[in-house]
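Take these sequences, add in the hints, and give me the full structure.
Chains as they are written, first to last, in the numbering used here: chain S, 73 to 427; chain B, 52 to 647.
A few of these clues could be false.
Claimed, not checked - Lysine-lysine pairs mimicking DSS-like chemistry, simulated, CA-CA at most 27 angstroms apart: (1) B:Lys639 with B:Lys263; (2) S:Lys300 with S:Lys115; (3) S:Lys94 with S:Lys115; (4) B:Lys427 with S:Lys192; (5) B:Lys263 with S:Lys191; (6) B:Lys584 with S:Lys94.
Just so you know, these hints were derived from the structure itself, not from any lab.
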Amino acid sequence: MTALLTIIVLVFILVAIWQMVKIFDLAQAKSECDQVATDKDNKINAYLMMGFLAFIYIITIISIVKWGDLPLLSNSASAHGPTIDNLMAISLVIIFFVQTVTQFLLHYFAFKYKGEKGKKALFFADNNKLEAIWTIIPVIVLAGLIIYGLNTWVNIMGVDESDDPLVIELYAQQFNWTARYAGQDNTLGLANVRLIDIDKANVLGLDEADPNAQDDIITKELHLPVGKPVLFKMRSQDVLHSAYMPHFRAQMNCVPGMITQFGFTPTVTSEEMRQNPDMVEKVANINKIRVEKSKDLIAKGEDALDRYEFDYLLICNKICGKSHYNMQMKIVVETQEEFDAWIKEQKEFKNSLTN
Amino acid sequence: MSAHADTHAHDDHGHHHKETFVTKYIFSMDHKMIAKQYLITGTIMGVIGIIMSLMFRMQIAWPEEPNVLFEALLGKWAPEGVMDADIYLALVTIHGTIMVFFVLTAGLSGTFSNLLIPLQIGARDMASGFLNMVSYWLFFLSSIIMVISLFVEAGPAAAGWTIYPPLSALPMAQGGSGMGMTLWLVSMAIFIASSLLGSLNYIVTVLNLRTKGMTMTRLPLTIWAFFITAVIGVVSFPVLLSAALLLIMDRSFGTSFFLSDIFIQGEVLHYHGGSPVLFEHLFWFLGHPEVYIVILPAMGLVSEIMASNSRKPIFGYRAMIASILAIAFLSTIVWGHHMFVSGMNPFLGSVFTFTTLLIAIPSAVKAFNWITTIWKGNLQMNPAMLFSIGFVSTFITGGLTGIILGDSALDINVHDTYFVVAHFHLVMGISALYGMFAGIYHWYPKMFGRMLNKNLGYIHFWITAVCAYGVFFPMHFIGMAGLPRRYYTNSNFPLFDDLANVNVVITVFALIGGVVQIIYLYNFFSSIFYGKKASQNPWKSTTLEWTTPVEHIHGNWPGEIPHVYRWAYDYSKPGHDVDFVPQNVPLKDGEEELQH
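Rendered as structure tokens:
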């Protein structure tokens, strides 16, 4: 209904514009009108250029003020997170600076040098010094960004096996996630989708004969001990998926036929993140929105929305089919003790098989 | 090199040939008519693509709400007006395909390369009129097949415009991967053939048919842009063709180029040893140069229009050519920046970060040169000029965020979010569209012999400009907040509830911006018949196309082809009474030619 009303309003706006143009055209009919810009057109459009510059600045400011806190910039929850956020912040500052200056020059020149009859433009075809300046400045800035960026990238992607990371497999399928812990030996058992045996509940295709597989633990929730490096091994059984964990600044595609990996160290437990003042504010805001929405729903005779409590999420970020939009798994970051207690309750692979 | 063109007396091509309706308007071999055919086909495809985008934008803003429009347009895909999740993905997919290939490649490059190459270099027609005709009709055929694919039982292709296998290869993974995907692949294969024929023709024409005096360094920047675009197309499109053919093999003949170890719907498939990552490499080896195939012609048009309407030479002509060449070269070695988190070796990621960020340098040079071109000009604010300034504005805004996405470390967190959507829509979608509009407003008199209404043009530009920013600027922020693209609804993620109102804002801007294009369509089609008659050189430009008669004739010039004595940018040159000196005017005694 809203959409229909919007369309109707739009059509009316359109008709109004059309009427205005007709009036404008009629008013001009007497004067010479060969559809080439006149001095008057130049002037009007030059002022509109300045107006548009103001619009760009205003929409930038509104976006930053209103939605600037949306980005997860301040709330990274992994050891490498702050390095990405720093680089992001530096890049954004550079971008906003260049954007502000160049847009000003462009629109201001468009305003200042509006055409007038009889005026002659400056014949200025080339200047090697200027060309050199705006080649070299980007070179320097980009060199800095490239060096910083590559340094960060190499640090993130290089997995240090000597840290003895906790090895976990993330297994993707249309449209859900499964986690497999390597167990006591911290070595994942061999697996291939050809070994999947639904009847025996061997849903991930583990090699039942592999000794390393016996103590593997398969779960539908991802628990991580805080402060411990984790190495994820990703697998997919059907199509491409992408394991995206935005709060940890982590993402890697899951590719059928190969194993991909991504490692990080979670630094903030779920509980601590819920206490974070930024997060408290964000969650309060979300709940306010949900209460408003619930009012509408109840009026329509539907159930109200649940209260939202913050949780880390693993979400799919590579188009994977119909329910792509709802492929998620809860991530719980907790203390080592809590993690140990939780993992003890889970079934080992050898005990999870039926028959 | 121009002897060939000169030896033809125009009478050979003569207008006294009897032309039937069919040879003149349908199976025409005249480049001007073919250009118009490209433009009108591209426009129709553009309308389809934009309507699709408005539909899925409404779905995102008001998820799962009944909408009469959906019910009317989508039929069984929107029972009771609620959009189906599968058709949402199909709309996203076909919107991308149509806009990138059918509108901004064929519609933009096809139109203006065909129109301007012979006219601006001083040739009677393309090197091969026949190939040119075949190129258009293949494009037409591929458009028809793409449109037909919208009506198949299980739905059109829905795996994203990048059609990554296995999703695109397995009909059981997604309804659209059946007949819909087959038609998509066939359509694209024909499209590529069309594009290659066109590109070869452009290259040969530019190299061989320039008129006397038209050296490469006297070519207008439009021609340089079209020429290099054609070269990139010839280098990269065949790779997509091979990817499409291999995918067809995997789908229909049981090969395993891209597929391996798949268990789906309770059964193991036989595929073994292939890799989807290989497909990604092949796809992006075209896919990335493709964005330059889209943007370079727009850059060429904008350079020409800015110089003409500023009454000033383009600043840094040689630097502009050098940066086109640099962009073209770099564009073929950056494709991996689409694949930082695809599972390829992180070392490759480092290499691609390096090459990708280098592209910012020639891009920055171009942007500053445009800004310097209007500095101290005498700006004629025709609609074409407004769109050109708009082009530079969105190209800067969209281009800058490229330094975030091109940086592999940062890409980890914004990859495949709305940040990417915002970035590429501004830098190549909106910008290229602006370039196309600028070209249409500027060369409409050349195409149809009549003028577009300028007031409608002003309204079209200003509302479009505001809406373009209104749509894509806030989109960066929801992307940075981690919202993935291609989600049918975000209502399953309370985490993103506070982004819902931003999505409504975006959609409202999109609807206004979309509906405003009706003004343009009205202007375009009504002016063909009722527009004010154009004079021979309405914008007082220097290039050769404005020396041809307003009424189109076969062979372009009634007499001899004009000779060229100077570069294309002698605007406001000191020592001349008028503020433009056409290329076919000989140098005065003692006058020096710049730039060579």
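Status of the hints after comparison with the structure:
no.: 1; hint: B:Lys639 with B:Lys263; verdict: 18 angstroms, holds
no.: 2; hint: S:Lys300 with S:Lys115; verdict: 65 angstroms, violated
no.: 3; hint: S:Lys94 with S:Lys115; verdict: 21 angstroms, holds
no.: 4; hint: B:Lys427 with S:Lys192; verdict: 9 angstroms, holds
no.: 5; hint: B:Lys263 with S:Lys191; verdict: 34 angstroms, violated
no.: 6; hint: B:Lys584 with S:Lys94; verdict: 19 angstroms, holds
Hints 2, 5, counting from the list given before, are not met by this structure.
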